[in-house]
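Kindly produce the complete structure, drawing on both the sequences and the hints.
Chains U and G supply the protein sequences, listed in that same order. The first sequence begins at 889 in my numbering and counts up by one. The second sequence begins at 889 in my numbering and counts up by one.
Among these hints, one or two may not hold up.
Said to hold, decoys possible - FRET-style restraints, in silico, Cβ to Cβ:
| hint | chain 1 | residue 1 | chain 2 | residue 2 | range |
| --- | --- | --- | --- | --- | --- |
| 1 | G | Pro-990 | U | Ala-924 | 21 to 29 Å |
| 2 | G | Ser-941 | U | His-963 | 47 to 55 Å |
| 3 | U | Gln-965 | G | Gln-942 | 50 to 58 Å |
| 4 | U | Glu-973 | G | Val-902 | 29 to 37 Å |
| 5 | G | Gln-942 | U | Ser-915 | 45 to 53 Å |
| 6 | G | Val-902 | U | His-923 | 38 to 46 Å |
| 7 | G | Met-889 | U | Asp-892 | 39 to 47 Å |
| 8 | G | Leu-940 | U | Glu-986 | 15 to 23 Å |
| 9 | U | Asn-908 | G | Met-889 | 17 to 25 Å |
| 10 | U | Ala-938 | G | Gln-965 | 44 to 52 Å |
| 11 | G | Ser-960 | U | Lys-911 | 31 to 39 Å |
| 12 | U | Ser-915 | G | Glu-922 | 55 to 63 Å |
| 13 | U | Asn-890 | G | Ala-938 | 49 to 57 Å |
| 14 | G | Gly-950 | U | Gly-939 | 27 to 35 Å |
Said to hold, decoys possible - Capping the alpha-carbon separation at 20 Å, the derived lysine to any residue pairs in SDA-like fashion look like this:
| hint | chain 1 | residue 1 | chain 2 | residue 2 |
| --- | --- | --- | --- | --- |
| 15 | U | Lys-911 | U | Ser-946 |
| 16 | G | Lys-989 | U | Arg-904 |
| 17 | G | Lys-989 | U | Leu-980 |
| 18 | U | Lys-911 | U | Leu-980 |
| 19 | U | Lys-989 | G | Ile-895 |
No lab work stands behind these hints, which were simulated from the structure alone. It should be emphasised that the depicted structure is a prediction, and the values quoted were computed from it without experimental measurement. Beta carbons: idealized from backbone N, C-alpha and C, even for Gly.
Number of protein chains: 2
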Amino acid sequence: MNMDKAIAALNNPVRRRILNWLKDRSSFPPALPEHAELEGVCVAYIQEKAGLSQSTISNYMGLLREAGLVISERHGQFTFYRRDEDAIRSFLDAVERELLKP
Amino acid sequence: MNMDKAIAALNNPVRRRILNWLKDRSSFPPALPEHAELEGVCVAYIQEKAGLSQSTISNYMGLLREAGLVISERHGQFTFYRRDEDAIRSFLDAVERELLKP
DNA sequence: TTGACATAACTATAAATATCGATATATCTC
DNA sequence: GAGATATATCGATATTTATAGTTATGTCAA
Numbered sequence: 889m890n891m892d893k894a895i896a897a898l899n900n901p902v903r904r905r906i907l908n909w910l911k912d913r914s915s916f917p918p919a920l921p922e923h924a925e926l927e928g929v930c931v932a933y934i935q936e937k938a939g940l941s942q943s944t945i946s947n948y949m950g951l952l953r954e955a956g957l958v959i960s961e962r963h964g965q966f967t968f969y970r971r972d973e974d975a976i977r978s979f980l981d982a983v984e985r986e987l988l989k990p
Numbered sequence: 889m890n891m892d893k894a895i896a897a898l899n900n901p902v903r904r905r906i907l908n909w910l911k912d913r914s915s916f917p918p919a920l921p922e923h924a925e926l927e928g929v930c931v932a933y934i935q936e937k938a939g940l941s942q943s944t945i946s947n948y949m950g951l952l953r954e955a956g957l958v959i960s961e962r963h964g965q966f967t968f969y970r971r972d973e974d975a976i977r978s979f980l981d982a983v984e985r986e987l988l989k990p
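Here you go:
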């Protein structure tokens with residue numbers, strides 16, 4: 889997790905919203921049967937929900953991934969994104985340590 | 889405290905550093921005797937330490953103030969800035985609530 | 001192999017941000 | 001009041017970000 893990249897990634901309401909949506913897989917359309925066991929969500933579903941172009945969302949997800957906030961996993965033609973809960977928590981810890989007066 | 893503005897204000901390493909410096913008044917040159925009781929730091933000291941132009945720092949401090957992370961107080965020709973600890977804490981709480989899975 | 005599809009990478013443009021120097025404003029001192 | 005000082009504001013430019021369209025890449029299915 890990279891603090892600078894993470895803050896930059898979060899400095900956008902749509903990306904924060906996506907991170908929120910990913911808390912609950914069921915806020916998206918059901919996965920295909922063959923992907924039922926996967927936790928992540930494919931780009932197309934996220935795009936649909938966000939209402940922005942495919943390229944924009946792909947770029948957003950790349951930023952979130954580079955920031956270490958989400959994990960991507962390719963399965964066939966699909967890329968599934970899911971939150972990295974540990975990284976998110978440790979980001980919050982780091983921000984708190986940096987901001988809070990000792 | 890405004891979440892969007894606060895994140896934007898923190899999305900810059902110098903502004904985060906300033907916020908850190910302000911944790912400890914003694915990391916700056918001593919205040920004038922007539923300002924000894926004040927907790928804040930004047931713009932010129934912050935500028936000196938940051939090594940950026942006066943206008944840039946004045947602008948930075950304005951952003952931090954609008955984000956609600958610092959409090960400014962004018963005394964004569966000087967403006968003293970200090971951290972708003974309560975606002976910082978509640979910002980951290982809000983970010984945590986937004987990011988962390990329930 | 002040939003399409004069809006999902007996603008990523010590339011290109012382009014508009015908007016936002018970083019940063020400075022210059023100027024304006026307020027205040028202090030004489 | 002005139003000049004000095006501290007800060008804010010304005011104007012300009014360079015860089016970064018947002019976003020879309022287009023193209024490339026990889027994979028599936030017939």
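Consistency of the hints with the structure:
1. Pro-990/G - Ala-924/U: 21 to 29 Å: Once the Cβ atoms are compared, 24 Å apart, the range 21 to 29 Å for Ala-924/U and Pro-990/G holds.
2. Ser-941/G - His-963/U: 47 to 55 Å: For Ser-941/G and His-963/U the Cβ distance comes to about 51 Å; the hint holds.
3. Gln-965/U - Gln-942/G: 50 to 58 Å: 55 Å, holds
4. Glu-973/U - Val-902/G: 29 to 37 Å: 31 Å, holds
5. Gln-942/G - Ser-915/U: 45 to 53 Å: 48 Å, holds
6. Val-902/G - His-923/U: 38 to 46 Å: Taking Cβ atoms as reference, Val-902/G and His-923/U lie about 45 Å apart, which means the hint holds.
7. Met-889/G - Asp-892/U: 39 to 47 Å: 22 Å, violated
8. Leu-940/G - Glu-986/U: 15 to 23 Å: 20 Å, holds
9. Asn-908/U - Met-889/G: 17 to 25 Å: 19 Å, holds
10. Ala-938/U - Gln-965/G: 44 to 52 Å: Distance hint for Ala-938/U, Gln-965/G holds at roughly 49 Å.
11. Ser-960/G - Lys-911/U: 31 to 39 Å: At roughly 37 Å between Cβ atoms, Lys-911/U and Ser-960/G fall inside 31 to 39 Å, so the hint holds.
12. Ser-915/U - Glu-922/G: 55 to 63 Å: Distance hint for Ser-915/U, Glu-922/G holds at roughly 58 Å.
13. Asn-890/U - Ala-938/G: 49 to 57 Å: With Cβ atoms ~23 Å apart, the hint is violated.
14. Gly-950/G - Gly-939/U: 27 to 35 Å: Between Gly-950/G and Gly-939/U, where Cβ atoms are some 33 Å apart, the hint holds.
15. Lys-911/U - Ser-946/U: 19 Å, holds
16. Lys-989/G - Arg-904/U: Roughly 13 Å separates the two Cα atoms, so the pair holds.
17. Lys-989/G - Leu-980/U: Roughly 12 Å separates the two Cα atoms, so the pair holds.
18. Lys-911/U - Leu-980/U: Distance of about 16 Å is within 20 Å: holds.
19. Lys-989/U - Ile-895/G: Holds, at about 18 Å.
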